[in-house]
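Read top to bottom, the protein sequences are chains A and B. All residue numbers for the first sequence refer to our numbering, where the first residue is 1 and numbers rise by one. All residue numbers for the second sequence refer to our numbering, where the first residue is 1 and numbers rise by one.
Honestly, I wouldn't trust all of these hints.
[Claimed, not checked] Residues from chain A that keep clear of chain B, each with C-beta distances beyond 12 Å, as calculated:
id, residue
1, Met176
2, Ser187
3, Gln188
[Unchecked claim] Now the stretches of chain A that chain B is said to cover, found in silico as 3 or more residues with beta-carbon under 8 Å:
id, region
4, 79-85
5, 88-100
[As the list claims (entries may be wrong)] The calculated lysine-lysine pairs, modelled on DSSO-like cross-linking and capped at a C-alpha distance of 30 Å, are:
id, chain 1, residue 1, chain 2, residue 2
6, B, Lys138, B, Lys161
7, B, Lys158, A, Lys158
8, B, Lys191, B, Lys161
9, B, Lys161, A, Lys158
10, A, Lys158, B, Lys123
11, A, Lys241, B, Lys158
12, B, Lys191, B, Lys249
13, A, Lys241, B, Lys123
No lab work stands behind these hints: they were computed from the structure. Keep in mind it's a predicted model, so treat the numbers as computed, not measured. Note that CB positions come from ideal geometry on N, CA and C, so glycine has one too.
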Amino acid sequence: MRTTFIVARRELGGYFATPVASVFIVIFLVLQGALTFNLGNFFGRGLADLNPFFSFIPWVFLLLVPAITMRLWAEERRLGTIELLLSLPITQGQAVVGKFLAAWAFCAIALVLTFPFVITVNILGNPDNGVIASGYVGALLIAGAFLSVGCALSATTKNQVIAFVLALAVCFLFAMASYSVVTDFLSQNIPTLAAIARRLAVIDRFQDFTRGVVSARDLVFFASFIGFWLFLNTVIVERTKAG
Amino acid sequence: MAGPAWETRRGRQGVTDGPNNAALIEIEHLTKRFGHLIAVDDVSFSVARGEVLGFLGPNGAGKSTTMRMLAGFMPPTSGTARICGHDVGTDGIAARRMLGFLPEGAPTYPDMTVESFLRFVAKVRGYRRAELDERMDKAVALTHLDLVLAQPIETLSKGFKRRVGLAQALLHDPPVLVLDEPTDGLDPNQKREVRALISDMRRHKAIVISTHILEEVDAVCTRAIIIAAGRVVADETPTELQARHPSGKLEDVFHQLTLDQFAREQQKEAA
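Could you build all of it, start to finish, from the sequences and the hints given here?
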């Protein structure tokens, strides 16, 4: 556990040692703000809630999360530091979880910095802060889900651009699985896949949280989703080590 | 029984000081295949405390692959490697605690400063507070990094980067050191320093270094292994090795041994 946190702290420090952190956070906040206020019609709706904010957040994460995860393993492989890291007395699992936690903590920091939205609705009206809190939990979980996909795919290549594109594509599939365009198409052509797609639809799960519903089923879903991808990540790292 | 007498003697010398001839590195029938290519072919050897083993061979002979397997990074296709009795595959963490490893090209994290990088390694190695500082100071002093501690590693010269890699490997004063080309990229003075450092540490450790520089074998190694096309073609002292060729030059011996093996491989391929 301790070793995992040491790895995570180094990784998190790595984000802030380079402009990655500031660029990411600024772009994230600008995008979230622009989408919420303009497309989301935050003021015109006349409702004191953060629904416009939460409805865009999965898509902003979809775009930005692969940028956080792309370097995690691809860069270690390109620089050869993976050899150094994994010949230290740590297990692959500790390295995988440590890197994931660093990326997750980074997303959490970005989310915390959206606090002005919360303050704004509280000044303008009387929102249900419980619903807002559960929305934030959901946002953190959907970030975690996308991050776990990105981490695993980053380990498949030495090239950060490939890692980014792969992560974006796969996360996009999981996000789209919630939409009727995809599910209708699947149920007409491959009905068995449609059922699976509906179960894996991450945005459906997230929407429960934005309505203020924190259910054990959704928590278990996100935990197993993240767990599965981190396990896959370990397997991929093991395979790349074998040459 | 002679046991107790030996125990007392050992006790006086300190717990970590085992019998002098104990093999700290044991490699048995290590083989690595990449598809059809056999990179390392049935390599066996052991290294005892007090030995500096020079690992020689042409590029692509399997030196780095062998060292990677020994460091527990790359799983072998077959065979085993043990460090201080711990199997690097099944008891990897314990084995890696006993090991200081400098991977090929001395990779380090370019964004980190020398200090934060070494601190990270020290923390992973389980050191805290005062002990961590003490370990850091020692490793920094040994590798003369004190002036660049606050600098990001990417701004350092090749020689300094190599020394950072070396400092990382020496940090926990491990009984086993595996150094893949420790003097590559250093200037002659730095090379000399690193060699002196290796010679100083020799008595308490089992050390394996790979190198292209044949004079290094004479300068620091007590034993040399020449590997060609994945096979061990010679395993003896530098003096014995020199005696193999009438000229008495290691270069000629190396040339002869590695080319012979190459020719045999070619014949095998043709047959």
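Inset, instruction - With a cut-off of 30 Å on the C-alpha distance, tell me whether Lys158 (chain A) and Lys123 (chain B) pass. - result: Since the Cα atoms of Lys158 (chain A) and Lys123 (chain B) sit roughly 27 Å apart, the hinted pair holds (cutoff 30 Å).
Inset, instruction - Can you take a look at whether the region 88-100 of chain A is actually covered by chain B? Rule is 3+ residues, C-beta closer than 8 Å. - result: Held - the region 88-100 of chain A has 4 residues with a Cβ nearer than 8 Å to chain B, which meets the minimum of three.
Inset, instruction - With a cut-off of 30 Å on the C-alpha distance, tell me whether Lys161 (chain B) and Lys158 (chain A) pass. - result: With Cα atoms ~22 Å apart, Lys161 (chain B) and Lys158 (chain A) stay inside 30 Å; holds.
Legend entry - Given pair status - Lys158 (chain B), Lys241 (chain A), alpha carbons within 30 Å: 26 Å, holds
Legend entry - 30 Å limit on alpha-carbon distance, applied to hinted pair Lys191 (chain B) and Lys161 (chain B): Holds: Lys191 (chain B) and Lys161 (chain B) sit about 14 Å apart, inside 30 Å.
Inset, instruction - Decide if the proposed pair is consistent with the structure: Lys158 (chain B) and Lys158 (chain A), CA atoms, cutoff 30 Å inclusive. - result: 23 Å, holds
Legend entry - Gln188 (chain A) non-interfacial with respect to chain B [C-beta, more than 12 Å]: 43 Å, holds
Legend entry - Exclusion check [Ser187 (chain A) not at the chain B interface, CB over 12 Å]: Given that every Cβ of chain B is farther than 12 Å from that of Ser187 (chain A), nearest at about 43 Å, it holds.
Inset, instruction - Quick one: see if chain B covers the region 79-85 of chain A, three-plus residues with Cβ-Cβ under 8 Å. - result: n = 5 at 8 Å, threshold three: holds.
Legend entry - Hinted pair Lys191 (chain B) and Lys249 (chain B), Cα distance within 30 Å: 21 Å, holds
Legend entry - Satisfaction of hint between Lys161 (chain B) and Lys138 (chain B), Cα-Cα up to 30 Å: 18 Å, holds
Inset, instruction - Please work out if Lys241 (chain A) and Lys123 (chain B) have their alpha carbons no farther apart than 30 Å. - result: Status holds; Cα separation ~24 Å.
When the structure is compared with the earlier hints, no violation turns up for any of them.
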